[in-house]
Amino acid sequence: MNFRNRNFVSLHDFSKEEIEHVFKTADSIHEKKDICAGKILATLFYEPSTRTRLSFESAMHRLGGNVIGFTDIATTSVKKGETIADTGRSVECYSDIIVLRHPDDGAAKIMADYTKVPIINGGDGSHQHPTQTLLDMYTIRQELGKLKGLKIGICGDLKYGRTAHSLAEGLSLYNNEFIFASPEELKLPDYAKRKLDEKNIKYEEKRELKDTLDVDVLYMTRIQKERFHDPIEYERVKNNTILTKELGQKTNALIMHPLPRVNEIAYEIDEKQNAAYFRQMKYGVTVRMALISLLLGVVE
Amino acid sequence: MNFRNRNFVSLHDFSKEEIEHVFKTADSIHEKKDICAGKILATLFYEPSTRTRLSFESAMHRLGGNVIGFTDIATTSVKKGETIADTGRSVECYSDIIVLRHPDDGAAKIMADYTKVPIINGGDGSHQHPTQTLLDMYTIRQELGKLKGLKIGICGDLKYGRTAHSLAEGLSLYNNEFIFASPEELKLPDYAKRKLDEKNIKYEEKRELKDTLDVDVLYMTRIQKERFHDPIEYERVKNNTILTKELGQKTNALIMHPLPRVNEIAYEIDEKQNAAYFRQMKYGVTVRMALISLLLGVVE
Amino acid sequence: MNFRNRNFVSLHDFSKEEIEHVFKTADSIHEKKDICAGKILATLFYEPSTRTRLSFESAMHRLGGNVIGFTDIATTSVKKGETIADTGRSVECYSDIIVLRHPDDGAAKIMADYTKVPIINGGDGSHQHPTQTLLDMYTIRQELGKLKGLKIGICGDLKYGRTAHSLAEGLSLYNNEFIFASPEELKLPDYAKRKLDEKNIKYEEKRELKDTLDVDVLYMTRIQKERFHDPIEYERVKNNTILTKELGQKTNALIMHPLPRVNEIAYEIDEKQNAAYFRQMKYGVTVRMALISLLLGVVE
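Chains as they are written, first to last, in numbering that gives the first Met the number 0: chain L, 0 to 299; chain Y, 0 to 299; chain D, 0 to 299.
Among these hints, one or two may not hold up.
One copy or two, it doesn't matter: identical chains are merged, so the pair holds either way.
To be verified - DSS-like mimics (lysine-lysine), calculated; alpha carbons at most 25 Å apart, straight line: (1) K115 to K244; (2) K115 to K271; (3) K108 to K271; (4) K186 to K249; (5) K194 to K150.
No lab work stands behind these hints, which were simulated from the structure alone. Treat the numbers as computed from the prediction; the structure is a model and nothing was measured.
The whole structure should be built from the sequences, with the hints applied where relevant.
If you want it as structure tokens, here you go:
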């Protein structure tokens, strides 16, 4: 298995075996000190995503490497009319690996096509955010000891939610079942269901979170008011997908959330042992350390 | 004395003995190379304060550590509605110690309550900026060889000036006398005077800087026009608290200023040996190096 | 030759011999690992220039040093009314060397006059950007093996283009000939021509790029529509200074560009061996590594 100098633009860039190799690498990556000493990570954030950026920067520093980058297109050459290809070809002169966050679908693929250093997609529009999926899967693996034979509840905005789609796809590599809970207006799109059908993945659809509590993993996501055509409909259903203190007491599922949350999970739940969303952040650093190390070729 | 994993939200978090231990640690901290290697400082600046940020980042780098952070809430999850508690619990997954600068009083306390890593208050609204007070005290200690038995002049905005209040409080731990010089409208508030009275601290109040020159330390601060209800009053008194070239020649006091200055101190004074305000910046890095090291537990 | 603690505000700060010493130092600088360990570079960018900033930050990290700084005056003390002299005297308390980018002509000189640490001018208004000239010259030296006896074509905005003027001046230290290609409205100003005349430098002036292809080096720069008084004139001539795919096939010159480009060079040309503009970026890091090391005195 060779990861050196490859890109990670989409989850599909890695086979199931390769994903598992990333996880195995992650298991011992904290023991490998300074393996990225002298290397430079560039974080190019064309839109804000503080959490993703800090996670990657933390990962690189934990590996002994350095970080350069920008967080705001207002301070970049982009406003002078430069293409993403040219930006990539310039920044690879300054760095050894690039994380790109961009509002446009496909931006990471374009940069990857034009550069020689590895490109990691840190989220491109509604398209992909593959390291989020990796860290979600790694969290389940670490917390439950396995990635298969699980019943996974995914709750919230399943229509526009990149995270939810991507997680369902990642976990479909294994023999898992799903329950999807969302308001009618934000239910899982037909194309996503067809993908599951093609793989013979079992799933149910629910409208309320209270019918989704008997699962191994409960993955919560945020619902935005603006997603609704009808504000009255939003008011009617908005509380149906909130994990209240009361609902929290009724589930032993591993509770996850990509964060930031607004009100999807009651604060009282934070202290429960099965509330995994902050540990999820920590696993994110670990997985990204493994990924950076593999793509740089400093581990095999 | 144990500093490991404690917070520094307010000057009161440390006893007089502990403050002195920070200073003793500072005395030799530059000899300790790389004691924070592998550690990460997060600088979370919800409002700009370049000087404070650069000082902390310099301190961490001098210790061999790394820095991540943000400088602008426009690029953070805050605008998505995240609480300061959640931000803290996320960022502690990425870092070993956090400096928080926030416009709201009490923000640092909230973050400290919810996180396990040490929180240093880098200024929260009008409330506290305790490392500024530490560095002010350390400057006096280094420049005059002692912290007690001194006559301290504090000049400028004594009503709203967080720095002035805090310094008076810090120096009240020792046997010092004060002269406060400010326009009537910006004089020291009654509650601050009561605090001094309770400790039997001697002080005088003056309206003009020219009556405050016979001191050991002259601490200058900025007066903002917007603080005055009456612009005519501002015009009338604005020059009374400026250290002109002429007044500068009449004092041998150690001249200090938290910087940035606008016109409070004439540029001709900069080259005088007793002008300590730029050295004060340097002491700031030293004190912050000591503080970070103590809270991380890499020195005792 | 002693570079330690000197400033690099203008190309004239270095003699021809000293410039050559920078280049010789650059030749082997990548072999010298960690020579700036423990040192801090401050990048103070009062206006955006991502490329210049990332290049300097990359250079410092490649040398094992650290970086602090700001990229936006909105987040600095400047808006509180601080002078550039005070900013410099403060930042030198936090760092060992400063790169300043500023919109005002002469800003770097002012900061250099007031600080003890070396100041590198990273571009001050229309005045100077001397490290750009150094890297342009180093690129020619590396790619063509020499800096003299060459025919240099410089194309684009020769009236306002700081880069073009500066390069002509740098290459005038050697025995080179020039062809300048620009629209009538943006031709080389008389004062620049007088400088060349004084040194007995041969040059020709052309209006179109197609008459400038028979050169050793073809240095392309961007033309901005706003520079023209008459938009109709802009439309008439705008294509005359574009290196199209067809024109690219007619020249064997080393093609350079300070980047970012908009449409001055056709993308098909990028893959040609003589297209040097991305390699130019890489040489920029190398030259800046040498410069930083020399001014810090860690190499001689």
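Hint check:
no.: 1; hint: K115 to K244; in the structure: between (50 Å within a copy, 23 Å between copies)
no.: 2; hint: K115 to K271; in the structure: between (46 Å within a copy, 16 Å between copies)
no.: 3; hint: K108 to K271; in the structure: between (40 Å within a copy, 23 Å between copies)
no.: 4; hint: K186 to K249; in the structure: within (24 Å within a copy, 59 Å between copies)
no.: 5; hint: K194 to K150; in the structure: within (18 Å within a copy, 62 Å between copies)
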